[in-house]
Structures are given as C-alpha cells and as structure tokens.
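These protein sequence lines are chains B and H, in that order. For what it's worth, my numbering labels the leading residue of the first sequence as 47, then goes sequentially. For what it's worth, my numbering labels the leading residue of the second sequence as 525, then goes sequentially.
Don't read these hints as lab results, they were simulated from the structure. Each hint should be verified, as a subset may be incorrect.
Said to hold, decoys possible - In silico contact screen, one side only, chain B against chain H (beta carbon under 7 Å); selected entries:
| # | residue |
| --- | --- |
| 1 | D84 |
| 2 | P85 |
| 3 | G88 |
| 4 | L89 |
| 5 | S95 |
| 6 | D97 |
| 7 | L141 |
| 8 | G144 |
| 9 | F150 |
| 10 | G153 |
Here the structure is a predicted model, which is why all the values come from computation and not from measurement. Every residue, glycine too, gets a C-beta built ideally from N, C-alpha and C.
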Amino acid sequence: DVKVTQSSRYLVKRTGEKVFLECVQDMDHENMFWYRQDPGLGLRLIYFSYDVKMKEKGDIPEGYSVSREKKERFSLILESASTNQTSMYLCASSLVTGEVEQYFGPGTRLTVT
Amino acid sequence: AQKVTQAQTEISVVEKEDVTLDCVYETRDTTYYLFWYKQPPSGELVFLIRRNSFDEQNEISGRYSWNFQKSTSSFNFTITASQVVDSAVYFCALSFYGQNFVFGPGTRLSVLP
Chain B
47 DVKVTQSSRY
57 LVKRTGEKVF
67 LECVQDMDHE
77 NMFWYRQDPG
87 LGLRLIYFSY
97 DVKMKEKGDI
107 PEGYSVSREK
117 KERFSLILES
127 ASTNQTSMYL
137 CASSLVTGEV
147 EQYFGPGTRL
157 TVT
Chain H
525 AQKVTQAQTE
535 ISVVEKEDVT
545 LDCVYETRDT
555 TYYLFWYKQP
565 PSGELVFLIR
575 RNSFDEQNEI
585 SGRYSWNFQK
595 STSSFNFTIT
605 ASQVVDSAVY
615 FCALSFYGQN
625 FVFGPGTRLS
635 VLP
C-alpha cells in the first residue's frame, strides 16, 4: 500500500515564523504535490514536483516555497507565516501526472496566530 | 476551461437511505480521467475510483456505485443503504494526461443514526 506521511497533524506558529511542513512517501513516486484546503474553496494546488530538485508553481504559490532534495521527500516552506496561511495542508504523491490517482497524507492543520 | 461542479454542498440522510452525490464536469478534451475521493473527519483523502473517458461502463463496489454519462458530462456516485461511517466530505476530480487534477468543491454527507 502507498503510504504518505506528514510530519505533524497539528501545528501552531506565530506570525513571522518560518514554518516547515514535511511530507514523505514510500512508493517511489515521481510526482509530489502540496495543496491547501479551506472551507468553501476545496483543494487548491500550491506547488508540485515531478522529479528531484524540480518544482512547479500551482494555482496559489505566493507566500510559499518548496524543496525536494530526495525523491521520497517534499517540503513546503512558509518563509514568514501570516494569519491568512492558517489552513489544512495536504500532501499527495502519484506515479505519473494526470491519468492515475494521487495518494494523500493525513494533512497538517496549521494555525498561525 | 476545465471545471468540476458538485452542486450539493451538504446532504443529510438517515441511516439505510440511499444517497446520490452529483458531479458534473466541463472539458473539451476527448481523453480525460475522473476520480472520486472520500475525506472522513480524520482528514486524509481516500481514493475511491478512477474512470477514463473511454470507459462508460458503470461500476459497483459493495454499497458504492458510479454512473458515468458522457452525454451529460456527469459522474455520479451512489451509496446504497448508507451507514454512519459514510459520513465524510466527498470530492470529484478531473484530470488529463500530463496535467494536474481539477477538484470539485466537495459535498459533505452526514448520515444520521
């Protein structure tokens, strides 16, 4: 079974802090994704990566950056957290892009105060 | 433009009732893929089904069934004899070869005992 894990289920940070959200998958998937989920807005893609050290902006990349130094690990970085980044963050992975399912981690609920 | 609509924001049923979740998509492409995911209160999106645009055969898996109709651009999901454990947010998604997913806004299903 594919397993996607995220470093924290709940996280509370202060405005201005640098925040790292870590995601690890164990199925040798090429593609990894970061989404944020907000009530009424569904899932919105922040960044994705189709290979090590490769990254592409999604629909809402502003205020975020990512890092993929190893195939199994994809990190989301909030350089200076703000209250409007309070959200549920979901990581996903897939073998290829588009035509197959993505597998999701359990999510990290981030609160920025 | 690619778009997924789930017109039902919230549905509430009593246990053992049948319930259908609607999904309508928009695309001009002839090759595409459709998915359903379940997000229980724990937060993790769970993959339920994948369908490609050339396969209009309906699918049944236990109490779950899916009706794919290209003529109406719909991919509806029916739960027969609903149970409390079916309570979740359900997402429909659309994708294409080499491209990212387009998620619908989700339908929150509450099954009352």
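(message) Taking the earlier hints as the rules, which of them does this structure contradict?
(response) 1, 2, 5, 6 and 7
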